[in-house]
Structures are given as C-alpha cells and as structure tokens.
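Taking the UniProt record's numbering, I'd label the letters of the sequence shown as residues 1 to 160.
Just so you know, the hints here were simulated from the structure itself, not pulled from any lab data. Since this is a predicted model, take the numbers as computed values, not measurements. There could be a bad hint or two in this list.
Here are the simulated lysine to aspartate or glutamate pairs, EDC-like style, with alpha carbons at most 16 Å apart [said to hold, decoys possible]:
{"hint": "1", "residue 1": "14", "residue 2": "45"}
{"hint": "2", "residue 1": "86", "residue 2": "29"}
{"hint": "3", "residue 1": "82", "residue 2": "29"}
{"hint": "4", "residue 1": "38", "residue 2": "2"}
{"hint": "5", "residue 1": "11", "residue 2": "45"}
{"hint": "6", "residue 1": "14", "residue 2": "2"}
{"hint": "7", "residue 1": "53", "residue 2": "2"}
{"hint": "8", "residue 1": "17", "residue 2": "2"}
{"hint": "9", "residue 1": "8", "residue 2": "45"}
{"hint": "10", "residue 1": "114", "residue 2": "134"}
{"hint": "11", "residue 1": "14", "residue 2": "29"}
{"hint": "12", "residue 1": "114", "residue 2": "139"}
{"hint": "13", "residue 1": "21", "residue 2": "55"}
Restraint-style ranges between C-beta atoms, simulated for each label pair [what the hints assert, rightly or not]:
{"hint": "14", "residue 1": "100", "residue 2": "49", "range": "45 to 51 Å"}
{"hint": "15", "residue 1": "96", "residue 2": "122", "range": "36 to 42 Å"}
{"hint": "16", "residue 1": "127", "residue 2": "73", "range": "28 to 34 Å"}
{"hint": "17", "residue 1": "65", "residue 2": "91", "range": "17 to 23 Å"}
{"hint": "18", "residue 1": "11", "residue 2": "76", "range": "45 to 51 Å"}
{"hint": "19", "residue 1": "51", "residue 2": "72", "range": "49 to 55 Å"}
{"hint": "20", "residue 1": "3", "residue 2": "73", "range": "33 to 39 Å"}
{"hint": "21", "residue 1": "3", "residue 2": "139", "range": "17 to 23 Å"}
{"hint": "22", "residue 1": "82", "residue 2": "44", "range": "47 to 53 Å"}
{"hint": "23", "residue 1": "35", "residue 2": "8", "range": "26 to 32 Å"}
{"hint": "24", "residue 1": "54", "residue 2": "91", "range": "19 to 25 Å"}
Ideal Cβ positions, reconstructed from N, Cα and C, are used throughout, including at glycine.
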Amino acid sequence: MERCRFCKSTKVVKNGKRPTKLKLPSLSEQPLRFRLYKQRYFCRECHRTFSAKTELTQRHRSITRRARQVIHSLAKETSPVKNIAKIVGVSASSVQRILYANKTANVTPHGLPKALCFAEFRSTRGRFSFICIDAKTHDCSYSKIACLRRSKNIFSIITF
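Between the sequences and the hints, there should be enough to build the whole structure, so can you do that?
The structure is reproduced here in structure tokens:
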C-alpha cells in the first residue's frame with residue numbers, strides 16, 4: 001500500500017503514469033536511454049500528487065547511479081572529460097558537475113589584514129602596475145597585481 005509523501009495518509013489512488021528518460025552507461029559508444037514510466041499518485045486527504053520512487057536514480061535526476069559510478073571510475077583512470085562524456089553518453093558539463101558535486105571551493109579570507117604594503121611599479125611595455133601584500137606576515141595570499149592603477153580598479157581588486 002502506497003502512502004502519501006506529504007501527509008503519510010493511506011488514502012491514495014493511482015493517477016496515471018509519467019514518462020522519464022534515464023541515461024544509462026552506453027554500450028559501444030552509443031548513447032543508451034531508458035524510458036521509465038513512473039506511477040503517479042493522488043492523495044485524497046491533502047489533494048496533492050506525487051510520483052513513485054525508483055532506486056535507479058536520485059530524485060529529480062535523469063543520469064542513473066550506475067552512470068555516475070562509471071564517470072567516477074573513468075575519472076580515477078585520468079581520462080579526459082570529453083572522452084568520459086562520449087563513453088557514458090552525457091555532456092562534458094554534466095561530467096564536470098558530477099565530479100565536482102561534493103567539492104568545496106577554496107574561499108579567500110573575508111577580512112583584510114590590519115596592515116598592507118602597497119607598491120606601484122613599471123611593468124611590461126612601460127605600463128604601471130600595482131601590488132599589495134600583508135605587511136606583518138608578508139603573506140602573498142592577498143597579493144594582487146593590477147595592470148590598471150586607477151582607484152576604482154584598485155578598490156575592486158582589494159575588496160575580494
């Protein structure tokens with residue numbers, strides 16, 4: 001007996017089927033699509049509709065769990081992203097999104113140090129450039145080189 005996902009009531013009735021196209025790992029470099037018809041349900045208690053769950057894929061996703069595993073295993077073998085995309089049958093941007101899904105970005109510190117060193121110097125082709133570093137620790141993580149020395153450009157670099 002199916003229960004309502006929202007109110008947990010058992011007063012649900014079948015309400016048609018919804019076709020979904022799932023992407024499976026390809027065989028012989030031909031994209032393999034699996035048309036799955038998910039059962040739709042209507043709750044007579046809260047008057048909402050929902051679909052049946054499947055273990056092939058995550059919710060609101062069309063790339064199957066097996067295809068994601070193949071992408072990760074091919075990435076461990078240091079295959080290029082475009083080759084992985086061609087083998088699995090998905091786009092290169094989807095491969096990158098799957099590979100970097102659980103990665104956190106390196107966040108720069110939110111505040112500036114209390115003391116900064118500024119220098120303006122003549123760089124390539126006689127143009128002036130601007131650089132700043134932390135004055136106490138001489139840490140170069142705040143180091144920025146700007147080819148433009150106007151104040152609005154410098155402030156946009158410092159307020160990162």
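Check the structure against each numbered hint from earlier and tell me which ones fail, lowest number first.
11, 14, 16, 19, 21
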